[in-house]
Amino acid sequence: MWNGGKLKREWNITVLHLVGYLSLFFTNNHQSATKIFYAVEGYLKNQLNLNISNEKSTITNLKRKSSDFLWFSIKSVKKRKRYVANTHVSEKKKKKKDILEKAKTRIKTIQKSPSGKTVQDYNSYVLGIKNYYKIATHVNIDFAEIAFRLSKTLFNRLKSIGKYEIPINANRLYKRLHRNNYRTFEIAGNHVYPLADIQTRFPQSFSQDMCNYTREGRQKLIESLKGNIANEIQKMLLSPNKGQSMEYTDNRISRYSMQNGKCAVTGIFLTAEDVHCHHKIPRGMGGTDEFNNLIIVHEFVHRLIHATNEETNKIYMRILQLSDNQLKKINKLRKVCNLVTLV
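Position 325 of the sequence shown, counted from 1, bears residue number 325 in my numbering, the numbering being contiguous throughout.
It should be emphasised that the hints constitute simulated quantities derived from the structure, not laboratory data.
No experiment lies behind these values; they were computed from the predicted model shown.
Warning: the hint list may mix true and false statements.
[Unchecked claim] In silico DSS-like pairs for lysine-lysine, Cα to Cα no more than 27 Å straight-line: (1) K102 - K78; (2) K45 - K130; (3) K108 - K79; (4) K220 - K262; (5) K134 - K175; (6) K102 - K92; (7) K117 - K92; (8) K92 - K112; (9) K108 - K56; (10) K63 - K104; (11) K94 - K45; (12) K102 - K130; (13) K45 - K63; (14) K262 - K335; (15) K45 - K134; (16) K102 - K235; (17) K97 - K65; (18) K262 - K332; (19) K242 - K97; (20) K45 - K56; (21) K112 - K314; (22) K97 - K81; (23) K75 - K117; (24) K102 - K63; (25) K81 - K108; (26) K262 - K108; (27) K96 - K108.
[What the hints assert, rightly or not] With beta-carbon atoms standing in for the labels, derived distance ranges: (28) T308 - N180: 38 to 48 Å; (29) N54 - S245: 26 to 36 Å; (30) S115 - K56: 36 to 46 Å; (31) N61 - I161: 19 to 29 Å; (32) R183 - T60: 38 to 48 Å.
Cβ coordinates follow ideal geometry from the N, Cα and C atoms, glycine included.
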């Protein structure tokens, strides 16, 4: 029977937690840290013929001093009878200043060209950095500071072209991503995402079984995405929709958010790459880009809805393996398009 505690006591094994690939190690005392430092240095030198950087490679006592890793600042602080990690946006690499400057650049672009596209570009940037830093324990404090430093630029440059208030008529996507208790600007029918509206979300442990190469692995990957569709929404915000109206672009993302990222026919979770937006009443038959006329489906489902060739129908029916209920949904959508019923 494996007994980790007994093994450590009897064999004096060094406790080690590896973060990244030979880049960051956590241990419980200075003696173990010294052993790990020289062991890694020796391995890199003797096995890979690589020298470490004496300036960047150090042993840090996290109880006394913070350490930076991947633009996060990490420090160990006492909480009741144990120590916990406090994480912030990194200060040493001027990451806060970098976020601030990039946000200012996008605000200036909105001022020069106040359109849905420029607001969407700013929103996709804000959503991206929020998704990255949301696992930091003190991200709300750090982003509140950045938002305060940004507020002067935001107000002075947008006050003449937008309405500043707590969103009342915000779209479904905005309401899903925000608590809606922050005042912000509405420009060209789009609300600017407030930088300070963020809360900590603790990360899930990585599973070795999660991969793209097995059915079980793909299923686990899909399950892991279900709880957080913000990453997929960010991809959709960044993807170009050439020739499409701003109304279509906004309502497409709002519909995806409302459906929790799932296909309306099969119920499976869709990544941004698999998303197709179907017009219930086709544009050629008088359909519009309004929210109620759009529905999110998988690419293959969309092809089957519009398919007129019998051979094409058979191919996608075989791929999708639809249940009777799913087939009814597709036939209902085909009927509106004046297409024959599938059996």
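Evaluated hints:
1. K102 - K78: 35 Å, violated
2. K45 - K130: 39 Å, violated
3. K108 - K79: 43 Å, violated
4. K220 - K262: Judged against 27 Å, a Cα distance of about 15 Å means the pair holds.
5. K134 - K175: 18 Å, holds
6. K102 - K92: OK: K102 and K92 at ~18 Å, within 27 Å.
7. K117 - K92: 34 Å, violated
8. K92 - K112: Outside the cut-off at roughly 33 Å; violated.
9. K108 - K56: Outside the cut-off at roughly 37 Å; violated.
10. K63 - K104: 36 Å, violated
11. K94 - K45: 32 Å, violated
12. K102 - K130: Status holds; Cα separation ~14 Å.
13. K45 - K63: 30 Å, violated
14. K262 - K335: The hint holds at about 22 Å.
15. K45 - K134: 37 Å, violated
16. K102 - K235: 19 Å, holds
17. K97 - K65: The hint holds at about 22 Å.
18. K262 - K332: Given that 27 Å is the threshold and the Cα spacing comes to 18 Å, the pair holds.
19. K242 - K97: 34 Å, violated
20. K45 - K56: 16 Å, holds
21. K112 - K314: Judged against 27 Å, a Cα distance of about 52 Å means the pair is violated.
22. K97 - K81: 36 Å, violated
23. K75 - K117: 40 Å, violated
24. K102 - K63: Since the Cα atoms of K102 and K63 sit roughly 33 Å apart, the hinted pair is violated (cutoff 27 Å).
25. K81 - K108: 49 Å, violated
26. K262 - K108: 36 Å, violated
27. K96 - K108: Roughly 19 Å between the alpha carbons, so the hint for K96 and K108 holds.
28. T308 - N180: 38 to 48 Å: At roughly 45 Å between Cβ atoms, N180 and T308 fall inside 38 to 48 Å, so the hint holds.
29. N54 - S245: 26 to 36 Å: Roughly 58 Å apart at Cβ, these two residues miss the hinted range, so it is violated.
30. S115 - K56: 36 to 46 Å: With Cβ atoms ~44 Å apart, the hint holds.
31. N61 - I161: 19 to 29 Å: With Cβ atoms ~51 Å apart, the hint is violated.
32. R183 - T60: 38 to 48 Å: Cβ of R183 to Cβ of T60: about 41 Å, so the range 38 to 48 Å holds.
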